[in-house]
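Below are the chains, spelled out letter by letter.
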Amino acid sequence: MAYAYLFKYIIIGDTGVGKSCLLLQFTDKRFQPVHDLTIGVEFGARMITIDGKQIKLQIWDTAGQESFRSITRSYYRGAAGALLVYDITRRDTFNHLTTWLEDARQHSNSNMVIMLIGNKSDLESRREVKKEEGEAFAREHGLIFMETSAKTASNVEEAFINTAKEIYEKIQEGVFDINNEANGIKIGPQHPTTNSPLSTSQGGQHAGGGCC
Amino acid sequence: MNFFRGVMGGQTAGPQPSGAETIQKLCDRVASSTLLEDRRDAVRALKSLSKKYRMEVGTQAMDHLINILQTDRSDSEILGYALDTLYNVISNDEEEEQDENAQKQADDLGTQFTEKFIQDPEHITLLLTLLEEFDFHVRWPGVKLLTALLKNQGVQVQGIILVSPMGVSRLMDLLADSREVIRNDGLLLLQQLTKGNAAIQKIVAFENAFERLLDIITEEGSSDGGIVVEDCLLLLLNLLKNNSSNQNFFKEGSYIQRMKPWFEVGDDNSGWSAQKVTNLHLMLQLVRVMVSPVNSPGATASCQKCMYQCGLLQQLCTILMATGVPADILTETINTVSEVIRGSQVNQDYFTSVNAPSNPPRPAIVVLLMSMVNERQPFVLRCAVLYCFQCFLYKNQKGQGEIVATLLPSTIDANSISAGQLLCGGLFSADSLSNWCAAVALAHTLQDNLTQKEQLLRVQLATSLGKPPVSLLQQCTNILSQGSKVQTRVGLLMLLCTWISNCPIAVTHFLHNQDNVPFLTAQISENLGEDERLVQGLCALLLGICIYYNDNSLENYTKEKLKQLIEKRIGKENFVEKLGFITKHELYSRAALKPQPIFPSPEQMLFDHEFTRLVKELEGLITKAVHKSSEEEKKEEEVKKTLEQHDNIVTQYKELIREQDVQIQELKEKVSSMTTQTEQLQATVSQQQSQIQQHKDQYNILKLKLGKENQSQSSQGDTQVNGLQTEELAQLREELEELRRQQKLLQTQLSEKDVQIDSLVSSMAMLSCSNDFNFYFLHPLFVLFHYTISSS
Ligand SMILES: Nc1nc2c(ncn2[C@@H]2O[C@H](COP(=O)(O)OP(=O)(O)OP(=O)(O)O)[C@@H](O)[C@H]2O)c(=O)[nH]1
Ligand SMILES: [Mg+2]
Numbered sequence: 096m097a098y099a100y101l102f103k104y105i106i107i108g109d110t111g112v113g114k115s116c117l118l119l120q121f122t123d124k125r126f127q128p129v130h131d132l133t134i135g136v137e138f139g140a141r142m143i144t145i146d147g148k149q150i151k152l153q154i155w156d157t158a159g160q161e162s163f164r165s166i167t168r169s170y171y172r173g174a175a176g177a178l179l180v181y182d183i184t185r186r187d188t189f190n191h192l193t194t195w196l197e198d199a200r201q202h203s204n205s206n207m208v209i210m211l212i213g214n215k216s217d218l219e220s221r222r223e224v225k226k227e228e229g230e231a232f233a234r235e236h237g238l239i240f241m242e243t244s245a246k247t248a249s250n251v252e253e254a255f256i257n258t259a260k261e262i263y264e265k266i267q268e269g270v271f272d273i274n275n276e277a278n279g280i281k282i283g284p285q286h287p288t289t290n291s292p293l294s295t296s297q298g299g300q301h302a303g304g305g306c307c
Numbered sequence: 124m125n126f127f128r129g130v131m132g133g134q135t136a137g138p139q140p141s142g143a144e145t146i147q148k149l150c151d152r153v154a155s156s157t158l159l160e161d162r163r164d165a166v167r168a169l170k171s172l173s174k175k176y177r178m179e180v181g182t183q184a185m186d187h188l189i190n191i192l193q194t195d196r197s198d199s200e201i202l203g204y205a206l207d208t209l210y211n212v213i214s215n216d217e218e219e220e221q222d223e224n225a226q227k228q229a230d231d232l233g234t235q236f237t238e239k240f241i242q243d244p245e246h247i248t249l250l251l252t253l254l255e256e257f258d259f260h261v262r263w264p265g266v267k268l269l270t271a272l273l274k275n276q277g278v279q280v281q282g283i284i285l286v287s288p289m290g291v292s293r294l295m296d297l298l299a300d301s302r303e304v305i306r307n308d309g310l311l312l313l314q315q316l317t318k319g320n321a322a323i324q325k326i327v328a329f330e331n332a333f334e335r336l337l338d339i340i341t342e343e344g345s346s347d348g349g350i351v352v353e354d355c356l357l358l359l360l361n362l363l364k365n366n367s368s369n370q371n372f373f374k375e376g377s378y379i380q381r382m383k384p385w386f387e388v389g390d391d392n393s394g395w396s397a398q399k400v401t402n403l404h405l406m407l408q409l410v411r412v413m414v415s416p417v418n419s420p421g422a423t424a425s426c427q428k429c430m431y432q433c434g435l436l437q438q439l440c441t442i443l444m445a446t447g448v449p450a451d452i453l454t455e456t457i458n459t460v461s462e463v464i465r466g467s468q469v470n471q472d473y474f475t476s477v478n479a480p481s482n483p484p485r486p487a488i489v490v491l492l493m494s495m496v497n498e499r500q501p502f503v504l505r506c507a508v509l510y511c512f513q514c515f516l517y518k519n520q521k522g523q524g525e526i527v528a529t530l531l532p533s534t535i536d537a538n539s540i541s542a543g544q545l546l547c548g549g550l551f552s553a554d555s556l557s558n559w560c561a562a563v564a565l566a567h568t569l570q571d572n573l574t575q576k577e578q579l580l581r582v583q584l585a586t587s588l589g590k591p592p593v594s595l596l597q598q599c600t601n602i603l604s605q606g607s608k609v610q611t612r613v614g615l616l617m618l619l620c621t622w623i624s625n626c627p628i629a630v631t632h633f634l635h636n637q638d639n640v641p642f643l644t645a646q647i648s649e650n651l652g653e654d655e656r657l658v659q660g661l662c663a664l665l666l667g668i669c670i671y672y673n674d675n676s677l678e679n680y681t682k683e684k685l686k687q688l689i690e691k692r693i694g695k696e697n698f699v700e701k702l703g704f705i706t707k708h709e710l711y712s713r714a715a716l717k718p719q720p721i722f723p724s725p726e727q728m729l730f731d732h733e734f735t736r737l738v739k740e741l742e743g744l745i746t747k748a749v750h751k752s753s754e755e756e757k758k759e760e761e762v763k764k765t766l767e768q769h770d771n772i773v774t775q776y777k778e779l780i781r782e783q784d785v786q787i788q789e790l791k792e793k794v795s796s797m798t799t800q801t802e803q804l805q806a807t808v809s810q811q812q813s814q815i816q817q818h819k820d821q822y823n824i825l826k827l828k829l830g831k832e833n834q835s836q837s838s839q840g841d842t843q844v845n846g847l848q849t850e851e852l853a854q855l856r857e858e859l860e861e862l863r864r865q866q867k868l869l870q871t872q873l874s875e876k877d878v879q880i881d882s883l884v885s886s887m888a889m890l891s892c893s894n895d896f897n898f899y900f901l902h903p904l905f906v907l908f909h910y911t912i913s914s915s
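Chain order of the listed sequences is X and H. So the first sequence is numbered by the working numbering: it starts at 96 and just counts up by one. So the second sequence is numbered by the working numbering: it starts at 124 and just counts up by one.
You may find that some hints are simply not true.
[What the hints assert, rightly or not] Label pairs and their calculated CB-CB ranges:
| no. | chain 1 | residue 1 | chain 2 | residue 2 | range |
| --- | --- | --- | --- | --- | --- |
| 1 | H | Arg302 | X | Asn206 | 26 to 36 angstroms |
| 2 | X | Lys225 | H | Thr871 | 52 to 62 angstroms |
| 3 | X | Gln267 | H | Thr774 | 51 to 61 angstroms |
| 4 | X | Ile239 | H | Thr807 | 39 to 49 angstroms |
| 5 | H | Gln605 | X | Asp131 | 49 to 59 angstroms |
| 6 | H | Asp571 | X | Ile239 | 47 to 57 angstroms |
| 7 | H | Asp391 | X | Thr110 | 53 to 63 angstroms |
[To be verified] Derived coverage of chain H by chain X (criterion: at least 3 residues anywhere in the stretch with Cβ under 8 angstroms from a Cβ of chain X; other residues may be distant):
| no. | region |
| --- | --- |
| 8 | 329-341 |
| 9 | 367-379 |
[Said to hold, decoys possible] Far from chain X, by Cβ distances over 12 angstroms, these chain H residues were calculated:
| no. | residue |
| --- | --- |
| 10 | Ser552 |
| 11 | Leu634 |
| 12 | Asp638 |
| 13 | Glu733 |
Calculated from the structure, these hints are not laboratory results. From the three backbone atoms N, C-alpha and C, an ideal C-beta is built for every residue, glycine too.
Extracted from the complex, chain H is given alone in its bound form:
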């Protein structure tokens, strides 16, 4: 021990040993000392040097420390020191603020030592075994060490844990540890463990992680809880994000219902702590993960249904309308409500009915739209409202109709602000962001809805006093030609394209204004700057739609004439090139990715997701249409007609087959019920036959008897008939009469049955005309039928 004190205390005279030397000596001690106490002291010393001499301890001592873990299993103290030391050399966390360079060096060290440690996968297995040790001094540093290893070399360490038997489930036990530090660090460990590894995520879920985590969240006070709640939520997110199997399990385990109380935030929402805001953010994210538009439609639909049934949606809407909620939580709640209602009729209907607690109460939709077209509201909030509105209208013809109706002359309610009014206001306001949002919102009321496209043509606007009203369609093109901001024009062009595509009447309306086509051709043909390229592309698209969906009802603007115009004024190639500007735009593919409108900055708010779908659908078609000559077009028209005819024929046949299917089904049912009837009849008949036979026998016997008696009577002479005999005879006669009556009755019954069978036979014969298999039932019946007739 003298030596040891010397090293540690630095009390000896002479030159100071270098760090490396000291560590080497300690390592030797760890390796060679036979006394546990000595080894323990040496490891403790290594631990105390491990931060200052991280490099040296890691390089020289790692093998020795691992050895200790393997051999000194009975002494939790030495195990604890060894684990701590390993943690210090491997972890990058403990470092204080450093400059970038030093931090990078430290990270490299961590990675390097992690690689060294996991070179033998057995070391991880060893660590897993040590985690079963209940002693705090072992378990806690063990958890921290494994977390550090996962942080540095996640994929490899995950791989090793995954294949070690019960590896994951052992780590799950950490959540049940009554010592909070271990449970909480266990959470951090599981976060690292589940990162990006679906297989591990599933096992963790299988080991009842959802139940445990939700319990912890509740125990800790839900959104009012501390960082532990946050860690639980982060782990839940890891388990559910992009993992459809776990999402299904979460839903089937009725855990969605348990999210509802998270959002009961009460009336007083002032002074939320930063932690509460963080917690609620994560909670909202979890809801969104379950109903994300990228999930399979069926899965999302069933979660949406559940969220309505358990009242989660209603709870979210309460937050939406509550006062004092921090703006970013409000924004995220709007985004969440959006995805909970998207494409779900029931939820959309509910959302229509939500009112803001204003006086008089206003529909939530109206209140939200007010924010969308309000310049003073934060940009992200306005985007969220737009998203909400889009989700409300997605696959919601009824909702689309209701919004458009607020613009129609007959249904306008002058006394209250309507959605339609707000949208028109936004469309023509001085704020280009409002213009864009309103245009896109309006486009969504028309998506895949021919009726509303036509209805919207009826909308007339009063511009200024004394002047005649102008149609909404016309007003849009007017503003377009006034050369407003790019954002405004892009919005309006997207609206116009959506509006007139697939709607020849709208195309006609558009072309009817003599100024529109010249404006478009001018825009497309001019050589404008970079900024205008997108507008040019959209103009080309609009003109292309005018060709593609043209029903040739305007003589000046038939398909043919418009194409000639393009050739003359713009040039086919030039036109197609301009058209291509849309998809080549740097922001296009970004918008095509997801339905939610998110933009890094307001200027980048240019493309709408649904619109990118329309472009994808039309670009090719329009290019073809423009290139096609008129003969080709005619030919194609003919081909189309024949195809349609073929289609018709096929449809007719399909219809016929469907009818026949139904008939066959009915016939099958009839046949089986008749078979049972026949069997019943057969049984009755044979019963009756035997009865008849009995009666016949009795009758014969009686006849015989009677004959004999008559004979004997006649031989004895009439006079010999005594009173007794006459009586007997009369009785017999009566019996005979009775039997005859019975027989007659049976015979009528029989013939009735015959008739029945007859009709059955004939109806079955009819059936067998359409179905061969009936024959099998028919055949024995015929035999039976003839047999009964002949035997009766």
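Isolated chain X (complex conformation):
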């Protein structure tokens, strides 16, 4: 399928916060109740539409476990967007955000768009981190913020799409050097017409099946 742009994302955050589930919900509209520890890195992809343009998202879901940290760092530099995920029912995953952010900032290109995600919003009764805390952290560090549930799919589309919107806006503003693939952005075979007002159609379509 022809696309106007291709964005590379990474998903990072502590183990068990639901990174793989978020990706699965986004690409396959499924939820996986058992924790299938990610080994290293796994790949997923989907097409979305922003501003009437097809945008291909290539997403690398990284392992949260400490022992994989050195491997997963290799993915920071080439990504245009990052979803930094914590679990609202586990405060420690929120407390580790600073470390994650430092790591990301150190190894990534400076324009990488980071979306902070408080996942498992369906588990309200077990909540340990207030939404306001997430918002405050995001504001303080210049991130976009959202609470999601990979289980109910609440805000999952939005998280991925809003990140793409932000990258798209940065491209329009000329912040990204789109000719350097190391930035995690690639122009598709069909050239986009630039500078139309930003309007997003939500609910991107599935790219799962066909590829041609």
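Go by the hints and put chain H with the ligands onto chain X.
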């Protein structure tokens, strides 16, 4: 410098210093000299000795050389010499032809020095940093040294590179180097780097390796390109083989489409270079990696779909039918097409439509089958055709039907050669390989397909003039009993087992021939040699199937009677032992591994993959069935019945629940649409109420006015009514009339609404019988309803 010349030139008189001594002196020089030039000369000298005195230089000089790498970073020349020297002592490549012993010693040296070098992981990190140096003299030997280290101690070196920040991505930059030597050696480095390490493979892919490699392949002329293309292809294979994540990325990156032009080989295929053959082999392998039967079914299916949509499959089929293609490429293309169509209906349908450019055009399938049953064709090609045919039929009921139809009396086309004819021809030819292939091919037309198993029973063969035709089933058993080659009999027995299993009618047909059961029992009970064990096992399986799938319709051969026969003639234990010969055969597990029929030699062509699955499924069941007494069997039959009943009940309930689900869904939708309707109605009603109220007020005021006027009129006397007053009165009356009319209209409207609400209420009340939650909507509506009635 005098000293140095002395060492090198050997011009001084006196005893020659030993290699070790010379090297020691050079090392001292490297370590202690303060002059860069001196150190450089010494390192250069070490380099020139490093091949002849590999052992000594490696042992004595390594630390010094590493030291140079760390401290003399600004002089690319000395760095270059040091790297070259290290490469010479570590690499095993440069050695000339040696006898085995010397080669092994050299390998040991390489391993030993590699271990020494990587003892401190920092040395690898150092090397990675040096690779960022653009100077040719540093970068090139650096690449070669790292490649050698990886070759000798792959796992450890990979581990170190993996954890060094940006390690892998730095090495990826080598592919962008404009100097071809470095790019090409970079390819070799990446090949070693990615060998067997999925984590590194993924990072390399993430760093846009696919894009770069495909670009290089195109630039270099695709299959016409040289060894660089081969190296790119080898690296691509490393990245994709057994790496589902990378395969997914490759597919999602639309790189499959970019493989299509590789196979545009044109019409003139004579005189392919060896390099071109190698390149195409690797290209075909890459296609196969993406659609391998061992991949997850979903992944393979989506790649297959893509390969059809982008025309890759069509391109491959063109090669299949082209002339002049070297035999081994043709074979591999057949194997590739096989896996691209396997289990994919669309691709299988397309494949049916492919015609060979013969006159008249013949279906590709027919042309291929001709090769399969042709003794003069190479063995591997015949295997490939069989594989292709199997893949064409895999999960393809339609295709199975089409092939079987070419054998049926009503559809036989006498004018052209059909697949069915070729298969029958192969089945009964004098060549045991053809027999086997045809039998297995025919078995695949019946796989999981009861209809075709029954259809095939209708096939009659004309044997010789004047004699009555004989059924295909019978002819198979006839040949079986004629004691042909093991390969032939194994093929036929596999066909028969597949045919009659799960098909009681076929079992009955088989048992109907009075000769068959005695033949089988004789085969099983006899004490035959090693060669016959597999045939005995298969005979036992066939007899077992006759018991297990027996519907007791033949009085002489009911389950019970057959079991008694086994007990009497063979013995239960003996029977089970013979049955076990199949899975115990040395070639069995090999065939069970993969669907592709590959055999080291034609004699080893005995088991078919699908058949091994059937054996796995039936062995236990048959063993149990044979051991079971008739009472047990009866009991089991009863249990089965009750279970079936239970199943039925469960299914019924499931059905009911499903229906109710649908109903609830519908009701939910109704409720929500009614809620909106109600809200709308409520709004209208309250609007109307206020209107009515207004009218009432106006009316009252008018009435009051009218009353007052009447009073004043009567007090003043009738005569006092002047014309003006009468006029006013009439006007008021008209207004009043008008208001009354309006009110009436509104009231009718209201009562209409009432009726509507009424019906809504009752239908919702109905709904609430099945759904409690409706009540919440109902309740306020009732209130509203009563209120409107009372207020109007
Ligand atoms: N209730 C609920 N559970 C979730 C949600 N997201 C993930 N989970 C559960 O959390 C566990 C971990 O999810 P994963 O997605 O495998 O976690 P991960 O972040 O990928 O973990 P690593 O791969 O080890 O880094 C699983 O048992 C999921 O079912 C959510 O939104 N709500
Ligand atoms: Mg995970």
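Going down the list of hints, with the structure as the test:
| no. | hint | result |
| --- | --- | --- |
| 1 | H/Arg302 <-> X/Asn206: 26 to 36 angstroms | holds, 31 angstroms |
| 2 | X/Lys225 <-> H/Thr871: 52 to 62 angstroms | holds, 58 angstroms |
| 3 | X/Gln267 <-> H/Thr774: 51 to 61 angstroms | holds, 58 angstroms |
| 4 | X/Ile239 <-> H/Thr807: 39 to 49 angstroms | holds, 45 angstroms |
| 5 | H/Gln605 <-> X/Asp131: 49 to 59 angstroms | holds, 57 angstroms |
| 6 | H/Asp571 <-> X/Ile239: 47 to 57 angstroms | holds, 53 angstroms |
| 7 | H/Asp391 <-> X/Thr110: 53 to 63 angstroms | holds, 59 angstroms |
| 8 | 329-341 | holds (count 4) |
| 9 | 367-379 | holds (count 9) |
| 10 | Ser552 | holds, 43 angstroms |
| 11 | Leu634 | holds, 48 angstroms |
| 12 | Asp638 | holds, 54 angstroms |
| 13 | Glu733 | holds, 28 angstroms |
Consistency note: the structure conflicts with none of the earlier hints.
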